[in-house]
Amino acid sequence: MSLDLGGPAQPLLTVQGLVKHFPVKGSGLMRRRVVRAVDGIDFKVKKGETLGVVGESGCGKSTTARLIMKLLDPDSGTVLFDGQKLGHELELSAYRRQVQMVFQDSYASLNPRLTIEESIAFAPRIHGVTARAATERAHALLNRVGLDPGRFAGRYPHELSGGQRQRVNIARALALEPRLVILDEAVSALDKSVEAQVLNLLLDLKDEFGLTYIFISHDLNVVRFLCDRVMVMYLGKAAEIGDTEAIYERPGHPYSKALLASMPKANPAERMDEPPLAGDPPNPIDPPSGCRFHPRCALAEPVCSQSEPPLLQLGGDHEAACLANMSGSGHSLAPSRAP
Amino acid sequence: MALTLTREKAQPAIVLRSPGYWQGVLARLSRDRIAMIALIVVALLILMAILAPYLAPDDPTRGSLARRLKPLGTPGHVLGTDELGRDMLSRLIWGARLSLVMGVVPVPVAFVLGSAIGIIAGYAGGLTNSIIMRTVDVFYAFPSVLLAVALSGTLGSGLTNALVSLTVVFIPQIARVAESVTTQVHRLDYVEAARASGAGSLAIVRVHILGNVLAPIFVFSTSLISVSMILAAGLSFLGLGVRPPDAEWGLMLNTLRTAIYINPTIAALPGVMIFITSIAFNLFSDGLRNAMDVKT
Amino acid sequence: MLAYAFKRLLHVIPVAFGVSIVCFLLLHIAPGDPLAAILPADATAELQAQMRALYGLDRPLVIQYLLWLLRALHGDLGLSIATGRPVTREILGAMVNSFILAGVATLIGFSLGSLLGFLAGLYRGSWIDRLASSIAMLGVSVPHYWLGIVLVIIFSVELNWLPATGGGTDGSGGRALDWSYLRFLVLPALTMSVIPMGIIARTIRSLVAEVLAQDFVQALAAKGLMPRQILRHVIRNAAPTAISVMGLQLGYLLGGSILIETVFSWPGTGFLLNNAIFTRDLPMLQGTILILALFFVIMNVLVDIVQSAIDPRIQRN
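Residue numbers (UniProt numbering), protein chains in the order written: chain A, 1 to 339; chain B, 1 to 296; chain C, 1 to 317.
A hint or two may mislead.
Said to hold, decoys possible - Estimated spans, in silico, between C-beta atoms of each pair: (1) B:Thr160 - C:Phe278: 13 to 21 Å; (2) A:Ser262 - C:Ser206: 40 to 48 Å; (3) B:Gly200 - A:Asp317: 54 to 62 Å; (4) A:Asp317 - B:Arg187: 35 to 43 Å; (5) A:Ser262 - B:Arg187: 28 to 36 Å; (6) A:Asp207 - B:Arg31: 49 to 57 Å; (7) B:Gly200 - A:Leu5: 23 to 31 Å; (8) C:Ser111 - A:Lys192: 52 to 60 Å; (9) C:Leu54 - B:Ser201: 45 to 53 Å; (10) B:Gly200 - A:His158: 50 to 58 Å; (11) C:Ser206 - B:Gly200: 26 to 34 Å; (12) C:Phe278 - B:Ile40: 38 to 46 Å; (13) C:Leu115 - A:Glu56: 49 to 57 Å; (14) C:Phe278 - B:Ile262: 21 to 29 Å.
Claimed, not checked - Non-contacting residues of chain C with respect to chain B, defined by C-beta distances greater than 12 Å in every case (computed): (15) Phe6; (16) Lys7; (17) Asp76; (18) Met137; (19) Glu158; (20) Ile258.
Said to hold, decoys possible - So, partial list: chain B residues that the calculated Cβ filter (under 10 Å) puts toward chain C: (21) Gly125; (22) Asn129; (23) Ile132; (24) Arg134; (25) Ala141; (26) Thr154; (27) Leu159; (28) Gly234; (29) Tyr261; (30) Ile274.
In short, the hints are calculated from the structure, not lab data. Backbone N, C-alpha and C define an ideal beta-carbon position, used for all residues, glycine too.
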């Protein structure tokens with residue numbers, strides 16, 4: 001286990017100005033067009049917390065995860081891990097031992113030619129653990145995620161159910177004893193009953209190993225259950241970030257409101273007739289000018305297509321990027337300047 | 001550092017082991033009757049080539065003008081004699097040696113080189129991939145017969161030149177298959193996960209790529225052996241392979257062409273051997289494809 | 001559609017250049033002095049000096065290639081050592097014969113192969129299916145030059161129905177559609193047709209099987225509307241693939257005709273190649289291979305373009 005450097009007040013992960021654009025293939029000869037997958041985001045992950053990242057598909061959630069994992073190289077931006085700048089004070093190999101990821105597709109994320117124990121033992125072996133010790137660790141982890149090593153260690157991925165495979169993936173991610181685990185839609189593909197079991201497992205493991213999670217999901221119910229804080233992403237940017245309760249009770253961004261309103265409700269009385277979010281998100285190749293959400297926003301005014309709102313404090317840690325909250329922005333709903 | 005994780009059990013007394021992929025392949029293959037028959041034929045042909053000195057009743061190069069083109073069933077020459085009076089049976093048996101060497105050897109060599117080229121291209125991607133694959137495309141742009149004839153025709157006849165030419169013909173074909181499967185596997189999450197755990201390229205290729213791409217490349221390569229047999233004998237038939245008086249089926253087919261008016265059965269015999277070998281390899285390769293569950 | 005055709009043509013240019021480089025280098029991988037390879041053995045010192053200057057043999061390889069390419073683009077592929085005539089002219093004459101042979105063989109192979117594949121796909125698991133897959137198997141396994149010899153033995157030597165060798169131009173210049181000419185074509189074309197027949201039969205069989213498995217066909221069958229409509233659907237679905245396979249096979253046959261042309265002494269490009277190899281006529285060898293390979297490359301592009309014209313969903317990069 002790596003040492004805690006900066007103490008509990010130091011954020012475990014600090015992301016600053018992260019940008020990733022992908023060139024579009026087969027575009028015109030003259031203009032080089034890009035998909036603005038991640039277009040400048042900043043956030044912090046505190047030690048021991050679970051940060052939820054939500055948004056529609058294509059908003060840059062998974063790209064953000066891959067950028068943090070250094071599976072992609074960002075166009076610009078920095079990542080600090082426990083106060084250390086990645087690539088400067090902190091070497092990539094040392095970083096990788098501390099940050100691991102669980103993918104959505106439980107089958108595609110396991111090598112079909114390796115047995116379960118070989119898959120889990122792979123990473124420790126890479127980092128110099130002896131074969132015997134790595135296998136022992138694999139068995140211990142299997143035990144810990146609720147799979148009997150006697151029954152499962154020698155099996156192949158295709159012989160397991162989706163929930164079992166995802167437990168294996170969690171064990172694999174824990175094999176290096178990381179401090180931060182990124183869960184990229186890790187439970188989205190599971191049946192509801194299995195999902196609940198895996199979520200409880202994740203909570204237990206977090207306590208037991210002192211983990212920090214980044215939990216990427218489109219399921220707002222699950223996020224509310226699991227996460228301490230939430231970041232709402234829209235077209236490669238952070239629309240709102242703050243404590244889960246604050247966002248769910250008092251969303252500061254119209255997009256968050258609309259997302260929350262579109263949550264399936266158990267109570268028929270709370271259901272709505274109109275979909276709160278019409279249509280698909282705009283094309284990230286040519287994002288709308290100004291506030292990117294304005295073409296779909298109920299509060300949109302002319303000013304919204306002209307100036308881009310920065311993230312603005314609403315109180316405490318709660319921040320949202322909306323001109324309607326920004327005094328002097330020119331939006332009719334904007335509060336008057338502070339006295 | 002070999003990453004065959006030890007099979008020693010840690011805590012559990014017994015770890016249930018599922019049969020591995022290759023065990024499954026062997027089991028499925030052994031249930032495929034046609035593939036097994038094909039395999040036996042191939043084994044017999046190889047055995048025949050190895051044991052030629054003991055099996056052949058006569059010296060394959062010793063002829064006699066007095067007994068030219070004797071028909072089948074001639075006493076002492078069950079399969080007759082060729083245009084120089086040499087014993088056909090002995091020449092067919094000895095012919096297995098050069099014919100199999102010429103037909104088979106280029107494929108494993110091209111398998112190693114082509115896989116390496118294709119896997120590197122597929123794994124590296126980007127500019128490296130473009131440079132390698134555009135070069136491969138150029139060689140792939142030649143019909144295989146034409147490329148083989150062009151190379152061995154320029155280099156001149158002889159066993160080595162023919163082997164080199166055939167190998168060059170198959171490398172681009174195998175490299176294309178290797179590149180495409182590697183590119184597919186490279187995009188899968190388990191490779192990403194391996195990278196995320198800090199594994200270097202070498203470890204990723206060895207543990208995660210090779211195990212998943214070799215099967216389809218291998219199946220494709222075995223299907224080339226039959227093509228290679230026909231091409232190799234074809235080169236000899238054109239006078240571009242081994243030189244007389246060596247016994248080789250393609251060359252025998254060529255030199256016996258003059259005999260088709262006198263003793264047509266004898267003239268056709270070497271082709272039967274090529275045909276049998278080629279079918280056997282083809283059927284075995286088909287069985288292997290099914291057993292390995294490779295989609296084309 | 002036009003944009004796609006243009007893009008494919010752009011893609012082909014580097015490949016064509018690569019092919020020309022490979023062909024150019026053939027002269028240089030040949031053992032011995034390249035000068036000796038392009039001149040008859042008894043060439044005078046004067047002629048040698050002249051050729052050395054013309055080919056730029058004392059200059060860097062890149063310059064030599066560019067000089068060669070420039071001449072090749074003007075249709076000058078050098079002089080045949082064996083005959084002393086321009087290589088280009090010899091090739092064009094032979095090309096016509098090869099084209100006739102390969103074309104007829106493709107047509108035969110395509111017709112028989114489609115029929116076989118169609119029946120096999122329609123009656124899967126029946127004897128005709130097994131027959132079709134056996135024929136397809138044998139077709140790709142048979143050494144076709146040997147098959148040619150066997151056919152000659154049967155139809156020329158034993159039955160004396162057809163000529164064993166020869167054909168093509170008969171000297172009179174006329175290439176009328178009469179038996180005296182066509183009879184030379186029968187055996188080589190039949191032999192050659194075996195190669196595409198199996199491949200086409202396999203392709204058509206799986207296409208038919210695919211169409212039959214589609215929901216709407218199942219629905220048609222359930223309504224009792226069987227063969228006619230199904231036939232139409234099959235043809236519409238199979239046409240693009242079938243045409244592309246046919247085009248590619250034509251290219252293969254033309255490029256790989258050397259073995260069959262040698263067996264039947266058919267005066268095409270393959271025969272030309274064979275002679276060039278025997279006389280070590282390297283300019284001839286180089287020129288023929290260049291033309292055949294370029295033809296194959298162009299054929300590939302044409303197939304892609306035609307295929308995407310029929311079915312715009314199919315576009316390859």
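Quick rundown of the hints versus the structure:
1. B:Thr160 - C:Phe278: 13 to 21 Å: Cβ of Thr160 of chain B to Cβ of Phe278 of chain C: about 20 Å, so the range 13 to 21 Å holds.
2. A:Ser262 - C:Ser206: 40 to 48 Å: holds, 45 Å
3. B:Gly200 - A:Asp317: 54 to 62 Å: The hint (54 to 62 Å, Cβ to Cβ) is violated, given that Gly200 of chain B and Asp317 of chain A are roughly 40 Å apart.
4. A:Asp317 - B:Arg187: 35 to 43 Å: holds, 37 Å
5. A:Ser262 - B:Arg187: 28 to 36 Å: Holds, since Ser262 of chain A and Arg187 of chain B (Cβ atoms, about 32 Å apart) stay within the stated range.
6. A:Asp207 - B:Arg31: 49 to 57 Å: Check passed, 51 Å falls within 49 to 57 Å.
7. B:Gly200 - A:Leu5: 23 to 31 Å: holds, 26 Å
8. C:Ser111 - A:Lys192: 52 to 60 Å: holds, 58 Å
9. C:Leu54 - B:Ser201: 45 to 53 Å: holds, 50 Å
10. B:Gly200 - A:His158: 50 to 58 Å: This hint is violated: roughly 28 Å between Cβ atoms.
11. C:Ser206 - B:Gly200: 26 to 34 Å: violated, 42 Å
12. C:Phe278 - B:Ile40: 38 to 46 Å: holds, 40 Å
13. C:Leu115 - A:Glu56: 49 to 57 Å: Holds - the Cβ-Cβ distance for Leu115 of chain C and Glu56 of chain A, about 53 Å, lies within 49 to 57 Å.
14. C:Phe278 - B:Ile262: 21 to 29 Å: Holds, at about 24 Å.
15. Phe6: Given that every Cβ of chain B is farther than 12 Å from that of Phe6 of chain C, nearest at about 19 Å, it holds.
16. Lys7: holds, 15 Å
17. Asp76: Label holds. Min Cβ-Cβ 20 Å, cutoff 12 Å.
18. Met137: violated, 7 Å
19. Glu158: violated, 7 Å
20. Ile258: violated, 6 Å
21. Gly125: violated, 15 Å
22. Asn129: Violated: closest Cβ of chain C sits about 13 Å from Asn129 of chain B, beyond 10 Å.
23. Ile132: With Cβ-Cβ at 13 Å, over 10 Å, it is violated.
24. Arg134: Status holds, d = 6 Å.
25. Ala141: holds, 5 Å
26. Thr154: holds, 5 Å
27. Leu159: This interface hint is violated because 15 Å lies over the 10 Å limit.
28. Gly234: Holds - the Cβ of Gly234 of chain B comes within 10 Å of chain C, reaching about 5 Å at its closest.
29. Tyr261: Holds, because the Cβ-Cβ distance from Tyr261 of chain B to chain C comes to roughly 6 Å (cut-off 10 Å).
30. Ile274: holds, 5 Å
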